[in-house]
Amino acid sequence: FGLLCADMNAQQFSTRNDFNGAMGNDEMGWTVVRIDSGYWITQGCEDTLNNFARLGFTFVDDDGNATERVSYGRDSLSCDAGWAGGQSAMPGVGLSICSGAYDGTRYSALLWLFSAELDSLGAQEIFPATNDNSLGRMVRSDEETISAAGGVWHGSELGQVFLSTFDILGNP
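Per the numbering used here, residue 13 is the first one in the sequence shown, and the count goes up by one each step.
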């Protein structure tokens, strides 16, 4: 049994990107997605004054410089980042996330598509015709298909798992 060791150069960087004016807990990095010119880091943060979360992204170039930041959410709409590792790069398109939104009364699972520059290309509510709560947790995509998974529950009842597939434009 042999062990192969490689000499690797790791870059260190540490930047706190405050998407909500320091009104909540520190941001948490959920996922790092590699694209051609660097990395998109998906982050979540809590606004403790308004009890809503924001979904934030930071672009880090190959030299470790945080060059761009963007966030989504507002006082009356909480945006969830899904689970760690739950986002996926979409070849030639950008990034897909299966996450959730909370408007104060109901959790809704969303398939959210972004360009490589993280402009929102739109969100598809996965269960639009129900009052049940749902949260998206993970997505995987290739050149043709997006597969999204999460959970659905009614009131305080135990939930069920869902798996949904979409074309690369987010159509069911």
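Honestly, the hints are just simulated from the structure, not real lab data.
Keep in mind that a hint or two might mislead.
[What the hints assert, rightly or not] Pairwise CB distance ranges (calculated):
1. Leu170 x Asp87: 43 to 49 Å
2. Leu170 x Leu89: 23 to 29 Å
3. Asp48 x Ala96: 19 to 25 Å
4. Leu89 x Thr142: 27 to 33 Å
Virtual Cβ for every residue (Gly too), placed ideally from N, Cα, C.
Evaluated hints:
1. The beta-carbon spacing between leucine 170 and aspartate 87, approximately 32 Å, falls outside the hinted interval of 43 to 49 Å.
2. The supplied range of 23 to 29 Å is met by leucine 170 and leucine 89, whose beta-carbon atoms lie about 27 Å from each other.
3. A hinted range of 19 to 25 Å holds for the C-beta pair aspartate 48 and alanine 96, which are about 23 Å apart.
4. At roughly 19 Å, the beta-carbon separation of leucine 89 and threonine 142 lies outside the given 27 to 33 Å, and the hint is violated.
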